[in-house]
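Student: The primary structure of each chain is shown beneath.
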Amino acid sequence: QKEVEQDPGPLSVPEGAIVSLNCTYSNSAFQYFMWYRQYSRKGPELLMYTYSSGNKEDGRFTAQVDKSSKYISLFIRDSQPSDSATYLCAMSGTGAGSYQLTFGKGTKLSVIP
Amino acid sequence: ETGVTQSPTHLIKTRGQQVTLRCSSQSGHNTVSWYQQALGQGPQFIFQYYREEENGRGNFPPRFSGLQFPNYSSELNVNALELDDSALYLCASSRGASGYNEQFFGPGTRLTVL
Numbered sequence: 001q002k003e004v005e006q007d008p009g010p011l012s013v014p015e016g017a018i019v020s021l022n023c024t025y026s027n028s029a030f031q032y033f034m035w036y037r038q039y040s041r042k043g044p045e046l047l048m049y050t051y052s053s054g055n056k057e058d059g060r061f062t063a064q065v066d067k068s069s070k071y072i073s074l075f076i077r078d079s080q081p082s083d084s085a086t087y088l089c090a091m092s093g094t095g096a097g098s099y100q101l102t103f104g105k106g107t108k109l110s111v112i113p
Numbered sequence: 001e002t003g004v005t006q007s008p009t010h011l012i013k014t015r016g017q018q019v020t021l022r023c024s025s026q027s028g029h030n031t032v033s034w035y036q037q038a039l040g041q042g043p044q045f046i047f048q049y050y051r052e053e054e055n056g057r058g059n060f061p062p063r064f065s066g067l068q069f070p071n072y073s074s075e076l077n078v079n080a081l082e083l084d085d086s087a088l089y090l091c092a093s094s095r096g097a098s099g100y101n102e103q104f105f106g107p108g109t110r111l112t113v114l
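Top to bottom, those sequences are chains A and B. Heads up: the first sequence begins at 1 in the numbering used here, then just goes up one per residue. Heads up: the second sequence begins at 1 in the numbering used here, then just goes up one per residue.
The hints are simulated quantities; they were obtained by calculation from the structure and are not laboratory data. Honestly, I wouldn't trust all of these hints.
Covered stretches of chain A (in silico footprint by chain B; criterion: 3 or more residues with CB under 8 Å from a CB of chain B, positions within the stretch not fixed) [unchecked claim]: (1) 27–34; (2) 40–49.
Beta-carbon label-pair distances, calculated as ranges [stated by the list, open to error]: (3) B:Gln-41 to A:Ser-53: 22 to 30 Å; (4) A:Lys-42 to B:Leu-67: 40 to 48 Å; (5) B:Asn-79 to A:Arg-77: 45 to 53 Å; (6) B:Leu-114 to A:Arg-41: 16 to 24 Å; (7) A:Ser-26 to B:Leu-67: 28 to 36 Å; (8) B:Gly-40 to A:Pro-81: 32 to 40 Å; (9) A:Lys-67 to B:Thr-9: 38 to 46 Å; (10) B:Thr-20 to A:Lys-67: 38 to 46 Å; (11) A:Ile-112 to B:Arg-63: 42 to 50 Å; (12) B:Gly-28 to A:Ser-53: 39 to 47 Å.
Please read all numbers here as calculations on a predicted model, not as lab measurements. Backbone N, C-alpha and C define an ideal beta-carbon position, used for all residues, glycine too.
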């Protein structure tokens, strides 16, 4: 079992839809949770950063963490064609080896005009 | 504030050759981490450098090595290239080496091994 599982999609939605992206994880040491957006052939761009359980909102994006279920989500409201990209969840923890990010496989999203 | 930069953008090598990739960290950042991203996969951690010392290493063989310089820029060296080394190599910089430090990525170097 991989430490972080993410449905690779692809996911195709019409413009204006609400998008839900999810990751599950198995390592209880993960404390910090990130979502990165990666356009084709580019480096990942940090979108959201959250600590432990709870919600965080930034414009059209909401990140949600449920540590009891080991489940994190990213919601995109009023999706736009410019949101078409691969979305990567990433996690890090505390203690030994905490410095490295562990990524999911990425979900490829297409928003159709 | 200048972001993370990497060079070169693309590189083509043949099996058995050696390659050096370069990364300049974001202003104010003292830590550089390197990741390998194969096509269709998430990035995999190679190693991290903090204040010019290797701070941790992922599951990569010793032919992957690195350096960090006093200005916190960094190099990734790969010896005896194999076909499976073909990937996007990403560096990320951060203000510190702890798990809570946000990591900001460069655009990557795409390496093709023939």
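Student: Confirm or reject each hint.
Tutor: Going down the list of hints, with the structure as the test:
Closer than 8 Å: that is the beta-carbon criterion, and the segment 27–34 of chain A has 3 residues meeting it against chain B, so the requirement of 3 holds. With 7 residues having a beta carbon nearer than 8 Å to a beta carbon of chain B, the segment 40–49 of chain A meets the requirement of three or more and the stated coverage holds. Between B:Gln-41 and A:Ser-53 the CB atoms are about 28 Å apart, so this pair conforms to the stated range of 22 to 30 Å. Remark: the range hint 40 to 48 Å for A:Lys-42 to B:Leu-67 is contradicted by a beta-carbon distance near 25 Å.
At roughly 48 Å, the beta-carbon separation of B:Asn-79 and A:Arg-77 lies within the given 45 to 53 Å, and the hint holds. At about 19 Å, the CB distance of B:Leu-114 to A:Arg-41 agrees with the hint of 16 to 24 Å. In this structure the hint that A:Ser-26 and B:Leu-67 lie 28 to 36 Å apart at CB holds, the actual value being about 34 Å. One distance hint, 32 to 40 Å for the beta-carbon pair B:Gly-40 and A:Pro-81, is violated here, with the actual separation near 22 Å.
A C-beta distance of roughly 39 Å is found between A:Lys-67 and B:Thr-9, which places it inside the suggested range of 38 to 46 Å. Range check, B:Thr-20 to A:Lys-67: Cβ separation about 41 Å, and the 38 to 46 Å hint holds. Take A:Ile-112 and B:Arg-63: their Cβ atoms lie about 44 Å apart, and the range 42 to 50 Å holds. Remark: the range hint 39 to 47 Å for B:Gly-28 to A:Ser-53 is contradicted by a beta-carbon distance near 30 Å.
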